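Starting from the given sequences, assemble the full structure and let the hints guide the process.
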Amino acid sequence: MTDVSQTSPAAALRERQRPLKTAYRDDPASALTPSTATARVDQRALTATVPTWAGDVVAGLHPAAGGDGTQACSGDILLQALVACAGVTLSSVATALGVELRSAVVTADGTWDARGTLGVDRAAPVGLTGVELFFDLDTDADEATVARLLELTERYCVVAQTLVSPPALTVRRV
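The numbering of the sequence shown is UniProt numbering, which starts it at 1 and goes up by one.
Rather than coming from a laboratory, the hints here were simulated on the basis of the structure. Do not take every clue at face value.
Simulated restraints, written as ranges between beta carbons of each label pair [to be verified]:
1. S35 with V58: 17 to 25 Å
2. L118 with R44: 19 to 27 Å
3. V120 with R14: 48 to 56 Å
For clarity, every value in this text was computed on a predicted model and none was experimentally measured. Yeah, the Cβ is synthetic: ideal placement off N, Cα and C, and Gly gets one too.
See the structure below:
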């Protein structure tokens, strides 16, 4: 392995990913990476606590559904997961392409109809009905390079692709 402290960020990234890519090419099944999340429900508080690598997140009702706004909103968490994934992917793709980002801010906007969530109107949808993802970039890269950067970011962002092509969801009791 080469001394990554003496290499470019793009070369260092390639060096970090090379053994993974080789292993996944040689054994495609090894690339199947399980992810899991668990929430501890507190019915009295109307919350669900989700342990994360960065600490516990306590989710509760959004103010539009009767919450007081002191807990995280699950819909916002979904958008936060999207911008986090898109941001990390953007950074990785920019590094691989040799594009310097002086600054980058990723924002996701979504709208949901509280009538559906509260059962006020059965015809009202439950869940986000649209999501927009915005990239505010400060870079000297030309427009074609920025377009390629965003195209690859969308293509390789796990959360974005999950929203674009949602997997089948099975709900069952264990």
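Hint by hint, here is what the structure shows:
no.	hint	result
1	S35 with V58: 17 to 25 Å	holds (21 Å)
2	L118 with R44: 19 to 27 Å	holds (20 Å)
3	V120 with R14: 48 to 56 Å	holds (53 Å)
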